[in-house]
Structure formats: C-alpha cells, structure tokens
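Engineer: One-letter residues, chain by chain:
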Amino acid sequence: MEVGKRAMDFKLRQKCVQPVAYTLALILLCAVPLAFLGGCTQRLQRYEATYLSLFDTVVTVLLYAESEAEAQQAMDAIYSDLARYDALFDIYETHDGVVNLKTVNDSAWKQPVAVEPELFALLSFGKEVCGLTEGRVNIAFGSVLTLWHDAREAGIADPEQAALPERSALEKAAAHTNIDDVILDAEANTVYLADPALQLDVGAIGKGFAAQLACDNARARGVTSLLLNLGGNVCALGTRADGNPWRIHVQDPDDPEAALATLELSDASLVTSGGYQRYYTVDGFSYHHIIDPDTLMPANYVKAVTVTHPDSGLADAFSTALFNLPYEEGRALAEANGVSAVWELLDGSIVWLRLDPTE
Amino acid sequence: MKRNDLIILGAVLAVAAILLFALRAPANGAGWVIVYVHDVEYARLPLDTPQTITIDQGDGKVNVIAVFEGGVRMQSSTCENQLCVLQGDVTCESAAHAELENWIVCLPNGVSIELVAEDAP
Numbered sequence: 002m003e004v005g006k007r008a009m010d011f012k013l014r015q016k017c018v019q020p021v022a023y024t025l026a027l028i029l030l031c032a033v034p035l036a037f038l039g040g041c042t043q044r045l046q047r048y049e050a051t052y053l054s055l056f057d058t059v060v061t062v063l064l065y066a067e068s069e070a071e072a073q074q075a076m077d078a079i080y081s082d083l084a085r086y087d088a089l090f091d092i093y094e095t096h097d098g099v100v101n102l103k104t105v106n107d108s109a110w111k112q113p114v115a116v117e118p119e120l121f122a123l124l125s126f127g128k129e130v131c132g133l134t135e136g137r138v139n140i141a142f143g144s145v146l147t148l149w150h151d152a153r154e155a156g157i158a159d160p161e162q163a164a165l166p167e168r169s170a171l172e173k174a175a176a177h178t179n180i181d182d183v184i185l186d187a188e189a190n191t192v193y194l195a196d197p198a199l200q201l202d203v204g205a206i207g208k209g210f211a212a213q214l215a216c217d218n219a220r221a222r223g224v225t226s227l228l229l230n231l232g233g234n235v236c237a238l239g240t241r242a243d244g245n246p247w248r249i250h251v252q253d254p255d256d257p258e259a260a261l262a263t264l265e266l267s268d269a270s271l272v273t274s275g276g277y278q279r280y281y282t283v284d285g286f287s288y289h290h291i292i293d294p295d296t297l298m299p300a301n302y303v304k305a306v307t308v309t310h311p312d313s314g315l316a317d318a319f320s321t322a323l324f325n326l327p328y329e330e331g332r333a334l335a336e337a338n339g340v341s342a343v344w345e346l347l348d349g350s351i352v353w354l355r356l357d358p359t360e
Numbered sequence: 032m033k034r035n036d037l038i039i040l041g042a043v044l045a046v047a048a049i050l051l052f053a054l055r056a057p058a059n060g061a062g063w064v065i066v067y068v069h070d071v072e073y074a075r076l077p078l079d080t081p082q083t084i085t086i087d088q089g090d091g092k093v094n095v096i097a098v099f100e101g102g103v104r105m106q107s108s109t110c111e112n113q114l115c116v117l118q119g120d121v122t123c124e125s126a127a128h129a130e131l132e133n134w135i136v137c138l139p140n141g142v143s144i145e146l147v148a149e150d151a152p
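Top line first, the protein sequences correspond to chains A and B.
Each residue of the first sequence is one higher than the last, beginning at 2 in the numbering used here.
Each residue of the second sequence is one higher than the last, beginning at 32 in the numbering used here.
These aren't lab readings, by the way, just hints derived from the structure by calculation.
Do not take every clue at face value.
[To be verified] So the derived label-pair ranges between C-beta atoms look like this:
hint, chain 1, residue 1, chain 2, residue 2, range
1, A, A84, B, T109, 46 to 54 Å
2, B, T109, A, A187, 44 to 52 Å
3, A, R44, B, D79, 48 to 56 Å
4, A, E119, B, T83, 43 to 51 Å
5, A, L354, B, L117, 25 to 33 Å
6, B, D120, A, Q112, 55 to 63 Å
7, A, D181, B, D90, 46 to 54 Å
8, A, E135, B, V71, 40 to 48 Å
9, B, R34, A, Q73, 33 to 41 Å
10, A, S81, B, A42, 50 to 58 Å
11, A, T282, B, D70, 27 to 35 Å
12, B, T83, A, A195, 58 to 66 Å
[Said to hold, decoys possible] To be clear about the criterion: a stretch of chain B counts as covered by chain A if any three or more of its residues have a C-beta under 8 Å from a C-beta of chain A, and this derived list gives those stretches:
hint, segment
13, 75-86
14, 108-117
For each residue, glycine too, the CB sits at the ideal point set by N, CA and C.
Isolated chain A (complex conformation) (with noise of 0.2 Å):
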C-alpha cells in the first residue's frame, strides 16, 4: 500500500518536469551509478595473502578479484601450484610419491630416472639458461654450492666456528658441473646424470621458473591482475585494477628503510641478486650465496643488481649472471638478450639499462 502511494506521487510530479531539466536529471542520475562503477574497475577488489612455507622464503600474493570467495579460489589454486614446484624442485628433502630434485640429484646418475613433466620443463631450461648466460648460470653446479651451503649453515649455527669450504673440495667439486653431462630425453621424460658426483641445484632459476608457471595458470584460470611475489622474485600479471602498473620499490642495499628506485611493471618481472640477504661471517668478512663459477668464491664484481624481463625465469637467470660478472660485461650480455637492467656498482653508483626510475 503504501509504496504504491509513493510511487503515484513520484509520477505526478513528473509530469511537472520540463523536457531540458528532466533530460539533465537524467544525464546526473546515470552518472551517480557510473561514478561508483568507476569505468567497470573499481568492482574490483585488492586480496593480498602470505605464506610463510614455501620456497624457504616470504611468498606474496596480491590479486585482484571480484569478491571474497573468488580470492580464495584463486589463492588457493596458487599456493596448491606452488607447492607443488616447491616439492619437485627441493634438492634437500625428497617429499612422499613425488619424484622431485633430491631423488634426481641421489639416483639419476645409476639409471635415467623419468621424472613430472614440470621438473622435466625445469631442467630442460636450466641447460638453455647455461648457454644464454654462457655459463654463468649453471644447474649443474650443485656439488660446489652444497659445500657453500653447508658451510654457511654452519656458520650460521655456530658463528665461533665459522669456515669457510676447503679450497682443495671446491675445486675438486668443480670437477664435475658440466651441463653437457645433464642429458634430458624428451620422449621418455628422463633425466641421465652422465657424471656420478655431478649434482643439480636450480637456486638461480626455480623460484623465478615457478612464479611464471603459477602465473601463466591463474591467467588461464581468468585471473587478470596478479602480483606474485617469491621472496623477491616479482612477477606481475597484467596490471593494477585501475590500469595503472604495478609499481616495486628496489631495496637499497646500504639501507633497508629505503628504495633505491621504484620500477613500473607490467605483464613482466623484476628480480634483484644482491649479496646482502644470505649470507654468513667468517673472521670478521662477510660470504654470500652467489658463487662465481670461475673464482668457487661468492661473486664480488657489483653491489647489486635488479633485471626486469617478459619471462620470471629469464628475468631470475640473469639477475644471477649479472651479479658473477663485472658490470661491463654484464651490460653486454643484457643488451645482447633484452634484458632491462639497473646495478648498484661497487662505488654505489647506479647505471641503467633500458629502464628508467619512475621518480
């Protein structure tokens, strides 16, 4: 009753209306509406989640997506990706009826060992990425970086005793890291370690390797606008709901409170090796992770640098191969393969490639 009072009411009065004035209403009354849509983005709503269990690193994700439930179920498909590669690509822990690196690294070199087709796309890259780096990334090169890590944890664990590896070990490790001796059969999905005392560690390609295949299924799951990040490893899909780029603050080496640059990213992603995040002190020095393969000794040739790239696993690639070579060369082997880079040379000043600070 009594909305159908109010509804005769509101058509009497229209009748008072004249035509311009009732045409401008018109005109507001559509743009209120519009006005909340946004132009169809602002429907959208910004999920970030973290996970604290994966890749033994911090890994975030920031989505955007129409509602709660949406985020969940794209989250959740995510995660459930990721630690899967995170399974397979495990050189320190072999994990329940899965075939992954640690089974690879232990039996591979006795028979051909058939392995998911992930881990298989994995490797298979791992020995393109040794060419496009001419070497200066290399998964073959687990026996000299298993002494590296056991030596930092260690050291880690008991600062007093920290030592660094045996000079004689290393170069006896060194021995044995030629990729050629990696040989992937494509038909039968195997992996044959030609060499007995050859081990595979995917640390400079995995993490990047894995943020792409995560990313290309949620784009092909209708996810339009991700950001994933593995422990410094960005990857962004598409862009912000607003059409804006993504934009990432690039760690000042010297100063953790504040960004070095700030790069827009888009449908790409950003990388950074630095040697200040692992690392461990012996006599007063401090030894990070990257090891350069011709000295056995962690890389000492720029302070840091940052890539951008269209692939994850490229971009991760060459963050690493940047960092084991003098920046002169690095600049040649970026410009060579198209990768944007940014250094913090040893004198703390910043070259660009390709790139440019947004402020």
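Fit chain B to the given chain A structure using the hints.
Structural biologist: Coordinates of chain B only, in the frame set by chain A:
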C-alpha cells in the same frame, strides 16, 4: 524552468557531488593492521588506536609489534637476522608508494604483519 525543477536538479547535483567526494576522498590513514602467526590470522587491530602487542610463541620466539596512528613497526624480535626490525615503520603513506610495501614479515619466527589502508587502490 520551474522552481520544482531547480530543486530536483539541485538535489541530484548534490547527491552526485557527495558520492563523487565520498568515492574519491582518501580515507586519511584509516585501516587495520592484521597480524598472522604461521599464516593464520592472529589479531586485527585498528590503525587509529596506538598499542603494543607481544606474540610469545612459548619456544623462545617473541615478537613485539607496535601500532601507532597510521602505521606499524616490528618493535623487537628474537630472530637472528633482525630484517623485520630493520625494516622500520610501515605507514599508509609509505605503503601507498609501491606494491608489497605494506607487509613486515619475520620469516624465522613465522610472524607477518599486513597493513590494510582503507583507500588501497
């Protein structure tokens, strides 16, 4: 134009203006701090109420989080690398600058802090 038309026009304009203002205006640092322990939400604190919370996990892992007006910091942590403490203040202003800057994470102790500004893009 009759007087009634002007009233309707005026009312519509006013509503449009108010809505536009409400939608565009920044929320002046309003929001929450969400604390997670091992990826599970542990506390949700309003940004306009300064307070300090201590998370003692009972196994020697202790984190102290300070919420101040418009921001949050990890006051102290028992972790070995102290990266979370060194990160300093995270405010609505600093977080608005770039993506992923609204988190403080203590990986060794499994504590993460998310700053959710109400006007996040």
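Engineer: Please test the hint of 46 to 54 Å on the beta carbon pair from A84(A) and T109(B).
Structural biologist: With Cβ atoms ~28 Å apart, the hint is violated.
Engineer: Please test the hint of 25 to 33 Å on the beta carbon pair from L354(A) and L117(B).
Structural biologist: Holds, since L354(A) and L117(B) (Cβ atoms, about 29 Å apart) stay within the stated range.
Engineer: With respect to the beta-carbon atoms only, verify the hint that R44(A) and D79(B) lie 48 to 56 Å apart.
Structural biologist: violated (28 Å)
Engineer: Do three or more residues from the segment 75-86 of chain B put their C-beta atoms closer than 8 Å to C-beta atoms of chain A?
Structural biologist: violated (count 0)
Engineer: Does the Cβ distance between T109(B) and A187(A) fall inside 44 to 52 Å?
Structural biologist: holds (49 Å)
Engineer: Confirm or reject the claim that D181(A) and D90(B) have a C-beta distance inside 46 to 54 Å.
Structural biologist: Cβ of D181(A) to Cβ of D90(B): about 48 Å, so the range 46 to 54 Å holds.
Engineer: Do E135(A) and V71(B) keep their Cβ atoms within the hinted range of 40 to 48 Å?
Structural biologist: holds (46 Å)
Engineer: Using C-beta distances, would you say chain A covers the segment 108-117 of chain B, given that this needs three or more residues below 8 Å?
Structural biologist: holds (count 3)
Engineer: A range of 33 to 41 Å was offered for this pair. Does it hold for the Cβ distance of R34(B) and Q73(A)?
Structural biologist: Cβ of R34(B) to Cβ of Q73(A): about 53 Å, so the range 33 to 41 Å is violated.
Engineer: Has the hinted range 50 to 58 Å been met by the Cβ atoms of S81(A) and A42(B)?
Structural biologist: holds (52 Å)
Engineer: For the hint 55 to 63 Å, verify it against the beta carbon of D120(B) and that of Q112(A).
Structural biologist: This hint holds: roughly 57 Å between Cβ atoms.
Engineer: Does the Cβ distance between E119(A) and T83(B) fall inside 43 to 51 Å?
Structural biologist: holds (45 Å)
In terms of the numbered hints stated before, the structure departs from hints 1, 3, 9, 13, listed from lowest to highest.
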